[in-house]
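Use these hints to put chain B onto chain A, whose structure you have.
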Amino acid sequence: MPQVIARFVALRLLVSVPVVLGILFVTFMLIRIGKQDPVAMLAGPLADASTYQMIRSELELDRPLLEQFAVYVKRLAHGDLGRSWQGGSPVLNEIVTHFPITLELVVLAVGLAALIGIPVGIRAATRPNGWFDQLSRFGAVTAFSIPTYWMGLMAILIFFYLLRWAPPPMGRLNLEVVAPPVITGSLLLDSLLAGNWAALRSYAAQLVLPVACFTLVAAAPTIKQTRAIAIEVLGSDYIRFARASGFSRATIRRMALRNSLAPILTFLGTELTSLLAAASLIEFIFSWGGLGQLGLNAILQGDFAVVQGYVLVLALFSVVVFLAVDLAVLLLEPRSHRRA
Amino acid sequence: MSAVTALAWPVGVARRSPTFAVGAALVGFFLMLAVLADLIAPYGPTQAFPYEVLKAPGAKFLLGSDGNGMDILSRVIHGTRYAFGIAVPAGAIMVLLGVPLGVLAGYKGGVLDEVLLRILDVLRAFPSIILALAVVAATGASLVNVVLVIGFLDSPIFARIVRAEVLALRHATFVRAAVAAGNPPWRVMAVHILPNAILGATAQLPMRMAWAVRISATLAFIGVGIQAPAPEWGAMIRQGAEFVISGEWWVATFPGLALMALVLGFNLLGDGLTDILDPRRKATGK
Numbered sequence: 001m002p003q004v005i006a007r008f009v010a011l012r013l014l015v016s017v018p019v020v021l022g023i024l025f026v027t028f029m030l031i032r033i034g035k036q037d038p039v040a041m042l043a044g045p046l047a048d049a050s051t052y053q054m055i056r057s058e059l060e061l062d063r064p065l066l067e068q069f070a071v072y073v074k075r076l077a078h079g080d081l082g083r084s085w086q087g088g089s090p091v092l093n094e095i096v097t098h099f100p101i102t103l104e105l106v107v108l109a110v111g112l113a114a115l116i117g118i119p120v121g122i123r124a125a126t127r128p129n130g131w132f133d134q135l136s137r138f139g140a141v142t143a144f145s146i147p148t149y150w151m152g153l154m155a156i157l158i159f160f161y162l163l164r165w166a167p168p169p170m171g172r173l174n175l176e177v178v179a180p181p182v183i184t185g186s187l188l189l190d191s192l193l194a195g196n197w198a199a200l201r202s203y204a205a206q207l208v209l210p211v212a213c214f215t216l217v218a219a220a221p222t223i224k225q226t227r228a229i230a231i232e233v234l235g236s237d238y239i240r241f242a243r244a245s246g247f248s249r250a251t252i253r254r255m256a257l258r259n260s261l262a263p264i265l266t267f268l269g270t271e272l273t274s275l276l277a278a279a280s281l282i283e284f285i286f287s288w289g290g291l292g293q294l295g296l297n298a299i300l301q302g303d304f305a306v307v308q309g310y311v312l313v314l315a316l317f318s319v320v321v322f323l324a325v326d327l328a329v330l331l332l333e334p335r336s337h338r339r340a
Numbered sequence: 001m002s003a004v005t006a007l008a009w010p011v012g013v014a015r016r017s018p019t020f021a022v023g024a025a026l027v028g029f030f031l032m033l034a035v036l037a038d039l040i041a042p043y044g045p046t047q048a049f050p051y052e053v054l055k056a057p058g059a060k061f062l063l064g065s066d067g068n069g070m071d072i073l074s075r076v077i078h079g080t081r082y083a084f085g086i087a088v089p090a091g092a093i094m095v096l097l098g099v100p101l102g103v104l105a106g107y108k109g110g111v112l113d114e115v116l117l118r119i120l121d122v123l124r125a126f127p128s129i130i131l132a133l134a135v136v137a138a139t140g141a142s143l144v145n146v147v148l149v150i151g152f153l154d155s156p157i158f159a160r161i162v163r164a165e166v167l168a169l170r171h172a173t174f175v176r177a178a179v180a181a182g183n184p185p186w187r188v189m190a191v192h193i194l195p196n197a198i199l200g201a202t203a204q205l206p207m208r209m210a211w212a213v214r215i216s217a218t219l220a221f222i223g224v225g226i227q228a229p230a231p232e233w234g235a236m237i238r239q240g241a242e243f244v245i246s247g248e249w250w251v252a253t254f255p256g257l258a259l260m261a262l263v264l265g266f267n268l269l270g271d272g273l274t275d276i277l278d279p280r281r282k283a284t285g286k
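From first to last, the protein sequence lines stand for chains A and B. The first sequence maps to residues 1 to 340 in our numbering. The second sequence maps to residues 1 to 286 in our numbering.
Excised from the complex, chain A in its bound form (with noise of 0.2 Å):
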């Protein structure tokens, strides 16, 4: 078994390092083809040639493409992302200090939508196009199609403006309390293991907004996900057989949520890295400061550098995601052994 496990991470990693590169690639040809010019922004209206000619080179904008990009793919063989066009810090240290920050809010959202969305799908698929049936799936539908932003800014106006419940949507932590020093780089956990109460406090209430709203855009596709996946489980041949043989309701609940394991969490691997992606919006709505602004800000401004690492992110997150659910899977499923 550990040998079984050990050659397909190993098969896995290995597949995915020409996606990884392809999309690395794919984005640095984009960027660099398009009509931006980051050294004019850099360079300001006022600078001459020979300035402008010095901070392209410096870049190293004007070698071919090729080259540069041969040239960025070594230094990333040497853990080396580079530096930050806009503030000069490296790019590793900007993703070390965002990420947790972006990924503390998805993981909270998608383990609440799963909370939310399997029993609510399961519930439903028990009875297609019964009344219960009909109401999630409308639910789900009007939730999937409220723009995520434009949901951001109602939940502010009624909370923050109207109601006053909510603190102002100004980042993570109010102003007047002093953050705990960063161990993790999870504020929940950095505030819990320095005792710091009135930090704790201030999180819990900046985050209630982001990830109700964030929670709500995920559980909508997890309902739809997880209620075809079980009507699927439950017209199957064997569920079929159990009720034929006369076993309670519950126990054929537990064999149908047993069987629809593998699928829904893969489906919730593929939720947790477009929500990744997703968070940019939520984060610039609530001037949250993590990995989605940080990657939204750097393709507004052509900071090729942190652009570039930003991806490179996603990529490799959606690569660690995949190969832990397929992993979980095949723990699950000793069907699936064979195939691997």
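These are computed hints drawn from the structure, not numbers from a lab. One thing to keep in mind: the hints can contain errors.
As the list claims (entries may be wrong) - Per label pair, the in silico range of CB-to-CB distance: (1) A:Gly195 / B:Ala25: 49 to 59 Å; (2) A:Val96 / B:Thr173: 58 to 68 Å; (3) A:Arg63 / B:Met32: 54 to 64 Å.
Think of the CB as a built atom: it goes at the ideal place given N, C-alpha and C, for glycine as much as any other residue.
Leaving out everything else, chain B in the frame of chain A:
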């Protein structure tokens, strides 16, 4: 056709799939607004009243006025033209590019199929919003660019759906009969395979059009898409975002509601089509 049967058809569809009916009604409503925008809207979409800035909804401005003193109702109505003006051509590109590609890849296999699968791998690992953002930021934010980017990015989805159907059909008896009868490959693909492989893609089209409406508004909201004062819903929400905290709620709320309703309409339409076209559900009579 008598008047009775003409009326009975929509009623029958509505009974079979209420989802489809609601979706069709919503999309139809907005389509009507788009066509009749000049007749319905009380003012021009960029007609400004400089002395009546940020007026709350009232008798003169039913949905209020924005920071430039423009009527929000008129702008929301004219915004439907941007929504359909992007969704319809983008949807056409998706289908016209993706469907033939899928038929070809599925039927011929080989290198083309491999290349298509690799592109799909990369696209799947690449969040669509980030890709769209990067491409539009790079190519420049004109209406034509936004349409092209959305159309191109989504065409592989259609290619994949059609490819899967074609793979299943390739060895069907009627296809083998067509080949044996001496039809050239293009004829087998166009006449015998295509009509049988296209159903799945049909249900997908409204959902992808919903996505097109949504993502073009998102781009405008971030500031890389269509720019204000053009009456585009995303750009209008962007204009209104700064006023939410100071209480002028109507500027961002109404364009967002319209955006949500149209996206919902397209999604319900797609959902209903899936129901209607799925023979398994019909067979069970549920």
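Problem set entry | Broken hints, by number | none
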